[in-house]
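Single-letter residue listing:
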Amino acid sequence: MVSPAGGIDIEEVAAKTPEKILKLPIDTRYGLQPYEAMRLAFFLFDDVRKVRAAAKIMQQLYTAFMKNGCSLAEINPLVTTPAGDVVALDAKMVIDDNELDRHPDIAALRDESAEAPSEVQARNANLTFIKLDGDVGCVVNGAGLAMATMDLVKYYGGEPANFLDIGGSSNPEKVVNALKIITADPSVKAILFNIFGGITRTDDVANGIVTATKQNPLTVPIVIRLTGTNEEIAMKILKDNGFSASSDMDEAVKQAVALAKASPVTPSAAGGRGA
Amino acid sequence: MSIFIDKNTTLVVQGITGRDGSFHTKQMMEYGTKVVAGVTPGKGGQKFENTVPIFNTVADAVAATGANTAVIYVPPMYAADAMLEAADAGVKLVVAITEGVPVLDMTRVYPFMKEKGARLLGPNCPGLISPGASKVGIIPGRICTPGTVGVVSRSGTLTYEVVYQLTQAGLGQSTCVGIGGDPINGTNFIDCLAAFEADPNTTAVAMMGEIGGTDEQDAAEFIKKKMKKPVVGFIAGQTAPPGRRMGHAGAIISGSAGTAAEKIAAFEAAGMGVARRPLEFVQLLRDRIKQ
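Protein sequence lines correspond, in order, to chains A and B. Just so we're aligned, residue 15 is where the first sequence starts under my numbering, counting upward by one. Just so we're aligned, residue 208 is where the second sequence starts under my numbering, counting upward by one.
If you're looking for bench data, these hints aren't it; they were derived computationally from the structure. All values reported here derive from a predicted model rather than from experimental measurement. Don't take each hint at face value.
[Stated by the list, open to error] List time: in silico DSS-like cross-link candidates among lysine-lysine, alpha-carbon distance up to 27 Å:
| id | chain 1 | residue 1 | chain 2 | residue 2 |
| --- | --- | --- | --- | --- |
| 1 | B | K299 | B | K241 |
| 2 | B | K321 | A | K37 |
| 3 | A | K81 | B | K321 |
| 4 | A | K106 | A | K37 |
| 5 | A | K37 | A | K70 |
| 6 | B | K254 | B | K241 |
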């Protein structure tokens, strides 16, 4: 995609003056052909010397994009000098996370200090975690169900503290790590588990909850909803260890929201607010 | 009746001896799916569970067994190659379960599938099930029951949740399809909606979308213009913050595009029933099937 009206707010250009943008789909089996790069460059310049220079830069950009497993490679701005040269002044690249196994050199560039420590900890434990502003900590299996659970917390008047997907495979260790991350967040007032056992065995999740809470006893209430594969075994494990659990998603969410609201303000949280 | 798979589906499993592949092959066989072959390079000539012949290549498997459908349980870095191999062997439906396939790999696979006339479902999807007839993938069989509701979704466990509630309420399903949460997938909502519209046994459709992209908006447009059967929709991610990837690679709100509000508005404009929470599917579908 090229535009002579580049710079900032390209979305606005696309909406208001779409004729100032040229989009060209590239078949990655053949790559960006020289004639295609020329066509893109002619959209930017009239002077054929500049066109050739810009086309060369575009082919180099495409090569860099493919070689590094990018989902985005952008030059902005591309400028001409008084001497008539075409120069890339700045660039941005986004790498597809799924490509990082092929590019250990790029993976090594990750700056963990720029991320929330809880999100780094989650990624190292193979969990998908995103910190949010609410107080109901959510542990769910599957991204779609995790989003739907957050939405349901909001629907019943609460605010989710996070998005957390423990993934499809059942491994008690993942549950232990998930609980570590959630309980480390001082804003969490209640914890909600929502597990639909398909590949995930709910008894593995139950064992994870028991192990984790033995290691680090909970200081906030927990509401457990699980149903599906090995549900009866899971319910028994939880009951034998003093937990109650239900199989109804709406009821569990309502209960977690109510518990978070009823929770007294902890001394540390009150201090943090500078009251 | 059903869409995409039925009693005549004959399946070859790519990665049949792997951890996930072997577990789910057993599950599919127990459900009654006709698993006719497996593929693991180097294990050709052996048998899986003493019954299913294993081949070194998909071409060998198809030549020997006539398998018409393939399911892929191979690691992400090899999944694109497995998809190309299946289509090249003449398989007409390729179901890719693997999560984490690089998007650039899919840019090569997608046009190849079209050229070969093969349908790809996924990647990063739970597969599909026509209750009582056949299951290909990982959707738990016991949460489904035969019936006339078509189910199509970008999610895995959220689909299970809704299907389970439908089953408990006595609303059986014709086929449940998980199209996957990746930005490039072989089969989209419209492909499934068109198939459900043409399937004489489907009376209504439950559709679960999520934030990111414009697939749901395109689907709403299709429903408005081309469908007579009622469709009830749900969008996950109403509380998702912009700019963050919510687990699924495709579930990201960029700029002002891809929000749940925008998608729900498109559903409403198309005259669809809109479920505000998963539990509402049952009543909304019942109301529309009666009409």
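Results for each hint:
1. For the suggested pair B:K299 and B:K241, the alpha carbons sit about 16 Å apart, so the restraint of at most 27 Å is met.
2. For the hint linking B:K321 to A:K37, the alpha-carbon distance of about 22 Å falls within 27 Å, and the restraint holds.
3. With a C-alpha separation of about 25 Å, the suggested pair A:K81 and B:K321 falls inside the 27 Å cut-off, and the hint holds.
4. At most 27 Å may separate the alpha-carbon atoms for a hinted pair to count; A:K106 and A:K37 meet this at roughly 18 Å.
5. At roughly 18 Å between alpha-carbon atoms, A:K37 and A:K70 fall within 27 Å of each other, so this suggested pair holds.
6. Pair hint B:K254 plus B:K241 holds up; C-alpha atoms about 15 Å apart against a cutoff of 27 Å.
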